[in-house]
Amino acid sequence: MLNKLFLTGIVLTFFHACAQAKETITWRIVDWPPFYILQGPDKGQGIYDSLLDQIILQMPSYHHKKVVMNTQRLRREFTKKTKVCSPSALSNTPALLSNTNSFLLPHQLIYHQDDFPSLKYQPSVSLVSILKASDTRIGVATQRYPGVINDILAVHLSDNRVVWQNNYNSLIRMFFRRRFDMLIEYPPVINYAKHMLRLSSNYSTISLDELSSSNYLPVHFACSDNDWGKQVTHRINQLLSQEAKQPNYLAPRLRWYEGEEKIRLKQYYHAHYLDDKKTPFVSR
Numbered sequence: 001m002l003n004k005l006f007l008t009g010i011v012l013t014f015f016h017a018c019a020q021a022k023e024t025i026t027w028r029i030v031d032w033p034p035f036y037i038l039q040g041p042d043k044g045q046g047i048y049d050s051l052l053d054q055i056i057l058q059m060p061s062y063h064h065k066k067v068v069m070n071t072q073r074l075r076r077e078f079t080k081k082t083k084v085c086s087p088s089a090l091s092n093t094p095a096l097l098s099n100t101n102s103f104l105l106p107h108q109l110i111y112h113q114d115d116f117p118s119l120k121y122q123p124s125v126s127l128v129s130i131l132k133a134s135d136t137r138i139g140v141a142t143q144r145y146p147g148v149i150n151d152i153l154a155v156h157l158s159d160n161r162v163v164w165q166n167n168y169n170s171l172i173r174m175f176f177r178r179r180f181d182m183l184i185e186y187p188p189v190i191n192y193a194k195h196m197l198r199l200s201s202n203y204s205t206i207s208l209d210e211l212s213s214s215n216y217l218p219v220h221f222a223c224s225d226n227d228w229g230k231q232v233t234h235r236i237n238q239l240l241s242q243e244a245k246q247p248n249y250l251a252p253r254l255r256w257y258e259g260e261e262k263i264r265l266k267q268y269y270h271a272h273y274l275d276d277k278k279t280p281f282v283s284r
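Heads up: the sequence shown at position 83 corresponds to 83 in my numbering, and the numbers run straight through without jumps.
Since the hints were made in silico from the structure, they are not lab data. Hints are not guaranteed to be accurate.
[Claimed, not checked] Simulated pairs of lysine-lysine, DSBU-like, Cα-Cα distance not exceeding 30 Å:
hint, residue 1, residue 2
1, K83, K65
2, K66, K194
3, K83, K262
Please construct the entire structure, taking both the sequences and the accompanying hints into account.
As structure tokens, this is what we get:
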């Protein structure tokens, strides 16, 4: 009996030691529906919720910890080279990037259409020209746009016509409450917010001249740029290449798109998503 208890203790100690030996990946998530949905009836059904859960399921050799953090904190963690990764990083993120995990249609300028009737007849507008208009207030978040947009906004840090807010839901609520006139955002975010918050507002979207050269934005997993990050990213690239061979890989990526946007995005996936999946790892 004592021998059996002793053997059981050794086995339990072994498995405990193995569990303790696992490294932990801290995954950055953010309250940003429909890309991440952290609460409500659609909880866990966001585009990057789904992609992250797939990756976690196929990386059992790691512990996985999801932590809500804004873009500024994420960048600080990347600078410190902690064991942190994000499922939704644009190409200008200062970290080690995986191969493409999804595409997004470019940010657009969202505006209250009653206040800017002339924009209805324009195909696009320049953000620089908007920021020169002395009577226009625009809501933005820090360092979460493509580089060209971040650079333009960087010279307006002390401009009281630019409203900075890093909580995405707060930013959207402020827009609908008319705390400012315009917002730079992805249209699905606004559409989802209006539906879920049951808000009443007549708004329109318009393309930005500064993003006219981009039909779509590649999105990546991003990890700290060190040896640990290289190992994690290598495995993620292998999993993305395997997943791309599955017939239903597009379903979670297109879940929250509708109409013409969904059709257009699907075309970009079919034309370009496999471009960097021909080898298991692409160094960036």
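The hints, checked one at a time:
Between the alpha carbons of K83 and K65 the distance comes to roughly 11 Å, so the proposed pair stays at or under 30 Å and holds. Between K66 and K194, the direct Cα distance comes to roughly 27 Å. Compliance with the 30 Å bound is thereby established for this hinted pair. Between K83 and K262 the alpha-carbon distance is near 35 Å, which puts this suggested pair outside the 30 Å criterion.
Hint compliance for this structure: hint 3 is the single one not met.
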